[in-house]
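Protein chains in written order, with my numbering: chain A, 1115 to 1602; chain B, 7 to 287.
I should point out that these hints are in silico values taken from the structure, not numbers from a laboratory.
Quick caveat, the model's predicted, so the values are computed rather than measured.
Be aware that one or more of the hints could be misleading.
Some chain A residues close to chain B (C-beta under 7 Å, calculated; not the full set) [to be verified]:
no., residue
1, Ala1254
2, Gln1305
3, Leu1315
4, Asn1453
As a list, the in silico DSBU-like pairs of lysine-lysine whose alpha-carbon atoms are at most 30 Å apart [stated by the list, open to error]:
no., chain 1, residue 1, chain 2, residue 2
5, A, Lys1460, B, Lys239
6, A, Lys1442, B, Lys103
7, A, Lys1460, B, Lys103
8, B, Lys83, A, Lys1460
9, B, Lys83, A, Lys1303
10, B, Lys103, B, Lys83
11, A, Lys1442, B, Lys156
12, A, Lys1442, B, Lys239
13, B, Lys103, B, Lys239
14, B, Lys158, B, Lys267
15, B, Lys103, A, Lys1303
16, A, Lys1460, B, Lys164
17, B, Lys164, A, Lys1442
A few chain B residues facing chain A, derived, Cβ under 10 Å [said to hold, decoys possible]:
no., residue
18, Thr122
19, His137
20, Thr151
21, Glu284
22, Cys286
23, Asp287
C-beta: ideal position from N, C-alpha, C; glycine also.
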Amino acid sequence: MLAAARPPAPPQRPAGRRHVAGLGRLGLRTTPGRIRALAAVVVLAMAGFYVVANIAVGNARDGLRVIGHDAGPQVLATGDLYFALSDMDSQVADILLAGGGSRLDAVQHALSRYRQDRARADRAALQAAELSASDPTDQATVRSVLDGLGQYEQLANQAMVLDQQANRPAGPPTATVTAVYRQATDLMKLQLLPQAYNLTLAGGATVREAYEAKRSAASSGRVWVALTGLAVLVALAGLQIYLVARFRRRVNFALALATAVLIVLGVSSLRLLSGEATQLQLAKTDGFDSILTMSRAQAISNSMHADEIRFLLDPGRTDTYSLDYLYKSQTILYVDSGNLGAYYTKLGVAMRAYQASSPTVSFFGFYGAEARAHPGPALTAVLTRFQQVQADDQRIRQLAGAGHGRQAIAVLTGQTAGSSSYDFDRYDQAIVSLIGLRRQTFDQAIRTGDQDLGRSVLGSWAGLLPLAALGVAILVIAGVRPRLAEYR
Amino acid sequence: MKPGRVTARGRARAAAAAILVLGLSAAACSAGGPPSIAGRQTLLIGVKADQPGLGLRLADGRFAGFDVDVATYVAAKLGVQPDHVTFVPVTSATREKVLENGSVDMVVATYSITPTRDTLVTFAGPYYVAHQDTMVRADETAIHTVHDLKGKRLCQAKGSNSWVRVTQELGIAAILVQAPSYSACVAMLLAGTVDAVSTDDLILAGFAAREGPAVRILNAPFSDERYGIGLKKGDLSGCEAINRAISQMYLDGTAARLLRKWFGQTRLQLNPYVPQFEGCD
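Only chain A is shown next, with the shape it has when bound in the complex (with noise of 0.2 Å):
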C-alpha cells in the first residue's frame, strides 16, 4: 500500500516506440517492468535448469539401461552360449568314444548332457539375438550361430547314428563315424565359437563405449546441474532482494518457498545424479569388466585344454597344438617366458610372488588386470588351480615326450586329483563362483540404480521435476501478482 503510493504510475506508452527502441530497454525502465523482468528471468532460468536435469537424468537412465538390461546380459548371455557349445561337442566326443554297449550308461549320460546344451545353447542364442536387436551386424552373427548350430547338429546326430549301426566296442570309433565327426567339430571350433566369443566382445565394447559416453555426460550434467541450479537461486534472491528494497516489504512468502523448493530439487538431482553415478562404476568396474574378463579367461581355458586333449590323440599336429596351448596360458596369465618350459618355471615365480605375504603382481594377461583391479580370496583360488592345470599338463607332456603315452592318456583322463580332467573342471568351476560373486555385485548395483531413478517423494523422477520446476515457476508468478497488481 505504501509502496504503491509512492511510485509514479507508469505513463502509457505507445506501442509504436517499443518496437522502435526495443523492447527490453523501455520494460526495464519502469518497476513492473523490471518485476516482470527479474521474474522472466527465474523461469527462464528454471526452465533451463529443468531441460539440463532432465538431460543429465536421461543420460543415467540410458546409461543403466545400456549396461544393466541390453549389451550388459548380451554379454552374459553369449558367454553362456560359448560354454553350452562347446561343452556339446564335448559330449559328442565322449559318446564316440565310449561307444559300444559296454558302456552305455556313460553314452546315457553325456546324451543327457548334449541335449541340455543344445537346450541351453537355443536359450542364449535367443537371448542374444534379443538383445542385439540394435546392431545388424550382431544380429546377423546371432543367425550365423543358429543357422551353423543346426548344422552341427545333423553332423554329429549322423555320427551318432552311424557309430550306432557299426555295433562296436568302446574305444576310438571307425573311420567314417571320425570323419563325419571331424566335420562337425571343424565347424564348432572355426565357424560357431569364434562367433560366439565375437559376440562377447562386440558387448564388451558396446558396453564400453555407452559407459565412457554416459560418464563424462553424467559428470559434465552435474556441473551442468549444480550451475542452472546456482543461477535460479541467484535470479529468485535477486528478486526478491528488488522487491524487499522497492516495496520496502518483508520477505516473500512465495518467492521463499519456491527458494525452499528449488533447493531441495537441487540437492535431491545433485544426489541422485552422484549416487547413480555411483551405481554405474561399481556395475561396470567390479561387475561388468571383471565378468568379461573372467568369461573370456574361461572361454579360452577351455580351448586350451582342448589344445592339451588334441596333443595326445593327434600326433600329427603336436608343434601347432603345443604352441596354442602356450598362447593360451600366455592369453589368460602372461609372464615373459619363449616356451613352455620357461612358461612353467616363471608362473611358479610369479605364484610364489603374488602368494607372498606382500603380494606382488608381477603378470599380465586376463588374470594380471583382473589381480590388479579386483584382488581376493576367490581370485586367488582361480589361480592356484590354473597352476595345478598348469603342473598336470607339465607331467602330461613330459610323459609323453618320454614315450609313455599310455600313462600320458591316463592323466588326461583320470577323475582324482592330481589328473588334467579332475583339477580341469575344479578350475572351470572356480572361475564359475567368482564370476557369480560378480554378478551379484553386478545385479545389486543395477538395481540399486534402477530403484533411485525410480524413487521419489512423488513416484517416478519423470513426473516429479516437471512437476516440481513447474511449481516453482507457479510460485514466482504468485509472489510477484500482488505486487504487479499495485500498478493496475
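Assemble chain B onto chain A, guided by the hints.
What follows is chain B alone, placed relative to chain A:
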C-alpha cells in the same frame, strides 16, 4: 536506485549467458576421448611391399594383395573411401615403430598377434589365421618337417616372429642366417646361402607361385598365426570399429571372395569363417 538497476540487468545478462552456454554445451557433449582412427577422413596404412599375394608394390607404384584389399575394405567401413587411403610400405622390423611415432595410422602387413607385440601395439582382429610352414629348394631331400631344420641354415627375417617359433618355442637348433626381409630370404634360398625359409603359409604361397618349380613348400604346418591389424597402443574405439568391419567382411562374403582371389590357385586350405578376435584391451 541506480546501482540496483545495474545489478538487476547484470544478473539478467549472466543468467541469459548461462542459458546460452548451456545450450551449446549440450551439443558439445558427444566429443572427447583419446585420439582414434575411428572418424578419420584420411588414412595412412602400412602394408608390405615385397610379399606377392599379400602386399606387393607394382611397377606403377600401386599396392596389391590380400592385405591391401582387406585394408581397403576396412577403411571403407570406417568411412574412408579408397581415394583417401594412402599405402605406406613397411617391413617386419619397422611395424611397431611406425605405429608408435604416428607415421602410419594402421598396419595390415602379415602382422601376427603375439603376447609380446600385444604389449606394444593394439591389435584388432585377427582377420585371418595363417599357419607357419617351411619352404625349401625343390631338390632338397633331407627336410620333411620343421624338426629336420636342426643343424640347417634357416633364414631369419628381421623383425619377424617366425624364427622365434622354430628355435625358441619349439627348441629346434637351426642355424640362423639374418636377412632384411622375406623376399631377401627367398633370394638367399635360391642362391643356396640358406636351406630353408620358415614362415606363414600365405606368404610362402605367394613366393612359391612366383618362383614356380624352383622351390617346394613342406606342407607341414606347425602353428596358428593370427594376422592382426596393428593400431597405436590404446586406440580401443578404433580397434572395436575395425573388429566390427572384419565381422562384416566375413558376413557379406567379401572375405571368402578375397581369399579365393589371392589364394584360390594354391593348395592352401582356406577358412572362410571369421576368426576368433583377440579383444581390444
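**OP:** Double-check Asp287 of chain B for me: the hint is only fine if its C-beta lies closer than 10 Å to a C-beta in chain A.
**Re:** holds (7 Å)
**OP:** With a cut-off of 30 Å on the C-alpha distance, tell me whether Lys1442 of chain A and Lys156 of chain B pass.
**Re:** This hinted pair holds, its Cα atoms lying about 26 Å apart.
Subject >> Pair hint Lys103 of chain B and Lys83 of chain B, alpha-carbon separation not exceeding 30 Å >> reply: Between Lys103 of chain B and Lys83 of chain B the Cα gap is close to 26 Å, so the pair holds against 30 Å.
Subject >> Gln1305 of chain A as chain B interface residue, shortest Cβ-Cβ below 7 Å >> reply: holds (4 Å)
**OP:** Classify the hint on Ala1254 of chain A as holds or violated, based on whether any CB of chain B lies nearer than 7 Å to its CB.
**Re:** holds (5 Å)
**OP:** Would you mind confirming whether the straight-line C-alpha gap from Lys1442 of chain A to Lys103 of chain B stays at or under 30 Å?
**Re:** holds (26 Å)
Original post:
Has the given pair, Lys1460 of chain A with Lys239 of chain B, been kept, meaning a C-alpha gap of at most 30 Å?
Top reply: holds (26 Å)
Original post:
Is it true that the CA of Lys1460 of chain A sits at most 30 Å from the CA of Lys103 of chain B?
Top reply: holds (29 Å)
Original post:
Would the stated hint for His137 of chain B survive a check requiring a Cβ distance to chain A of less than 10 Å?
Top reply: holds (7 Å)
Original post:
Is it true that the CA of Lys158 of chain B sits at most 30 Å from the CA of Lys267 of chain B?
Top reply: Violated - the C-alpha atoms of Lys267 of chain B and Lys158 of chain B are around 35 Å apart, more than 30 Å.
**OP:** Under 10 Å, Cβ to Cβ, is where Thr151 of chain B needs to be relative to chain A, so tell me if that hint holds or is violated.
**Re:** Interface hint status for Thr151 of chain B: holds (8 Å vs cutoff 10 Å).
Subject >> Restraint status (C-alpha distance of Lys103 of chain B to Lys239 of chain B at most 30 Å) >> reply: Since the Cα atoms of Lys103 of chain B and Lys239 of chain B sit roughly 11 Å apart, the hinted pair holds (cutoff 30 Å).
The structure is inconsistent with the numbered hints 8, 14 and 15, although it conforms to all the rest.
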